[in-house]
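Chemist: Each chain, written out:
Protein chains: 2
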Amino acid sequence: MSLELNDILMAAERLRPYAHRTPVLTNKSLNKQVDAEVFLKCENLQKVGAFKFRGACNAVFSLSDNEAARGVCTHSSGNHAAALALAASLRGIPAYIVMPDNAPLVKKNAVAGYGGLITFCEPTLEAREGTLDRIRLETGATVIHPYNDERVIAGQGTAVLELLADIPDLDVVIAPVGGGGLLSGTSIAATEIKKGIRVIAGEPEMADDAFRSMQAGEIIPSKNPKTIADGLLTSLGTLTFPIIQQRVEQIVTVSEAGIIESMKFIWERAKIIIEPSSAVAIGVLWEQKIDLSGLKVGVIVSGGNVDLEKLPWQP
Amino acid sequence: MSLELNDILMAAERLRPYAHRTPVLTNKSLNKQVDAEVFLKCENLQKVGAFKFRGACNAVFSLSDNEAARGVCTHSSGNHAAALALAASLRGIPAYIVMPDNAPLVKKNAVAGYGGLITFCEPTLEAREGTLDRIRLETGATVIHPYNDERVIAGQGTAVLELLADIPDLDVVIAPVGGGGLLSGTSIAATEIKKGIRVIAGEPEMADDAFRSMQAGEIIPSKNPKTIADGLLTSLGTLTFPIIQQRVEQIVTVSEAGIIESMKFIWERAKIIIEPSSAVAIGVLWEQKIDLSGLKVGVIVSGGNVDLEKLPWQP
Chain B
1 MSLELNDILM AAERLRPYAH RTPVLTNKSL NKQVDAEVFL KCENLQKVGA
51 FKFRGACNAV FSLSDNEAAR GVCTHSSGNH AAALALAASL RGIPAYIVMP
101 DNAPLVKKNA VAGYGGLITF CEPTLEAREG TLDRIRLETG ATVIHPYNDE
151 RVIAGQGTAV LELLADIPDL DVVIAPVGGG GLLSGTSIAA TEIKKGIRVI
201 AGEPEMADDA FRSMQAGEII PSKNPKTIAD GLLTSLGTLT FPIIQQRVEQ
251 IVTVSEAGII ESMKFIWERA KIIIEPSSAV AIGVLWEQKI DLSGLKVGVI
301 VSGGNVDLEK LPWQP
Chain S
1 MSLELNDILM AAERLRPYAH RTPVLTNKSL NKQVDAEVFL KCENLQKVGA
51 FKFRGACNAV FSLSDNEAAR GVCTHSSGNH AAALALAASL RGIPAYIVMP
101 DNAPLVKKNA VAGYGGLITF CEPTLEAREG TLDRIRLETG ATVIHPYNDE
151 RVIAGQGTAV LELLADIPDL DVVIAPVGGG GLLSGTSIAA TEIKKGIRVI
201 AGEPEMADDA FRSMQAGEII PSKNPKTIAD GLLTSLGTLT FPIIQQRVEQ
251 IVTVSEAGII ESMKFIWERA KIIIEPSSAV AIGVLWEQKI DLSGLKVGVI
301 VSGGNVDLEK LPWQP
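Chain order of the listed sequences is B and S. Just so we're aligned: the first sequence equals residues 1 to 315 in my numbering. Just so we're aligned: the second sequence equals residues 1 to 315 in my numbering.
Take the hints with a grain of salt, since some may be wrong.
Note that the list lumps identical chains together, so a pair holds whenever it fits in one copy or between two copies.
[To be verified] The list that follows gives simulated cross-link-like pairs (lysine to aspartate or glutamate, DMTMM-like), each with its CA atoms no further than 25 Å apart:
1. K289 x E268
2. K226 x D291
3. K223 x E4
4. K28 x E162
5. K296 x D166
6. K194 x D291
Hint data in this document are derived by calculation from the structure and do not stem from the laboratory.
One chain only, chain B, in its complex shape (with noise of 0.2 Å):
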């Protein structure tokens, strides 16, 4: 295991120009509703709306002079991508984007408007990695994983840094986990910062991999997932299953009603936008498989790229 608390402070470091330091905000009907004292760490209001930002920054930020002029690259059709490009835009280095021709609309003019130069693939896994390859050949650009990357997985660990410090006594911090870089990175800087405090992950119970892969012991991919939360579809990496293994007390899954429940309620009554990833993690609260009333509990709120024609409470 190389990746340190230092790595994850000297990351808060090289990101604090460009990112948002995050408000985090409470809410008394959802204390009530969950009987806990919640804090909310509000990455929906990070650049690009999700804590992705942090992750592609400190990636892009890390490399050297040389490796940068030569750009980064990355299949993704989500966050992550959005996010890189909007970090090598701040560096002045390109950025290409491997994207499948049927990705939404809306992520293709997100990632075109930060500056990313996308190559259209077939959506299929062989042909995103096939045309990354070529791309890095070609260019000579750094391949930047979505989270299989200590770079990433450290500027991850960067959200909770800021939410301890300011709310130094939470007894447990609750992330999502999808392939696991921010669950990993926030294990890390929490349980380093904070001896003894609880680290619990909310999944869709519709892709519920991490929560198998933890009862295995080993990493159990992703078969089919069909959940809303569509940042959450993806296997955990062989970087993040160990820090996860070591560090998470457990995973929680939480069904589709949970999840579209408890974005409602963020949204009615905290009055912010929460993507259904994020709801992932106050459901956890939400659902109370787990006793945690009257603590105060920590979320990672991971980001806010909703669809607002799509509402899932819509008929």
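With chain B's structure known, arrange chain S on it following the hints.
Modeler: Just chain S now, kept in the frame of chain B:
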């Protein structure tokens, strides 16, 4: 004119233990869109989801113990009713709220949820005032008007105090105007704290009584206003109008389309839920009827209480 900066400073002390110090958010996309450096003072993230809590809280905690013991009362179907109910419950005194019986269920529930004692009446001004008068006589409760009350105006002025503490070099402050409580409090605090700061109001074109009042030099009552910005239907008050005349540079009217477009833009890009009345203030920048290019502009985002089932961009 008896209301002074000192009243607002005292209000700030009075409500500090109860109100959120709301965050100030910035958004690069918004800045680019409107060609200004915008600072959003997020009163949508205030308790009860609106700045109204500040005024209600200051009024309630300004009462002597004797007055307070008899409670407070008002007629309102909006944010002021919820704000007064919460403020009263924090002081442990009754809040008698007169609401028209056709008020939306969600508003009735909000007031009841904060412990307000609701009396329903016919949806006419006569019925509302008559009912309120009867309750006042029966209970001895103090009437807290939603805006034509110095304690309320002083409370509303505390939001811009915090904004200017965070961002001292603002060139302009924009607030929406309905009855003028927020605008008058904001204008006193802003112009007293920072000489030369420009205070501008946004008002719906379809409810432009304040605009016309400024032109006429006297209060022109609102007549059948029809706007999506349902928090801005009221006419100016005898206390608020002279302050606005003295301290507000101009009132800029905003079209219904401008309100809806800027509201959706803020939801999509800034990831916060704002109500149409708040979008009226953003709309001043959005429609660029006046030139604020390159300036540092603070916007009081007044509230975030919206019916999520009925969004204006839905078919």
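Chemist: Measure nothing new, just compare the shortest in-copy and cross-copy C-alpha distances for K289 and E268 to 25 Å and report within, between, both or neither.
Modeler: So K289 and E268 pass the 25 Å test inside one copy only (23 Å; across, 32 Å).
Chemist: For the identical chains here, do K226 and D291 meet the 25 Å Cα criterion within one copy, between copies, both, or neither?
Modeler: Neither. Shortest intra-copy (27 Å) and inter-copy (49 Å) distances fail the 25 Å Cα cut-off.
Chemist: Give the relationship of K223 and E4 under a CA distance limit of 25 Å: within one copy only, between copies only, both, or neither.
Modeler: Neither, since 31 Å and 66 Å both go past 25 Å.
Chemist: Given identical chains, is K296 near D166, meaning Cα to Cα at most 25 Å, within a copy, between copies, both, or neither?
Modeler: Answer is within; shortest intra-copy Cα gap is 13 Å, inter-copy 28 Å.
Chemist: Since the copies are identical, ignore which copy is meant and state whether K28 and E162 lie within 25 Å (CA to CA) inside a copy, between copies, both or neither.
Modeler: Both: 22 Å inside a copy, 22 Å across copies.
Chemist: Can you give me the call for K194 and D291, within, between, both or neither, at a CA distance of at most 25 Å?
Modeler: within (21 Å within a copy, 51 Å between copies)
Consistency note: the structure conflicts with the earlier hints numbered 2, 3.
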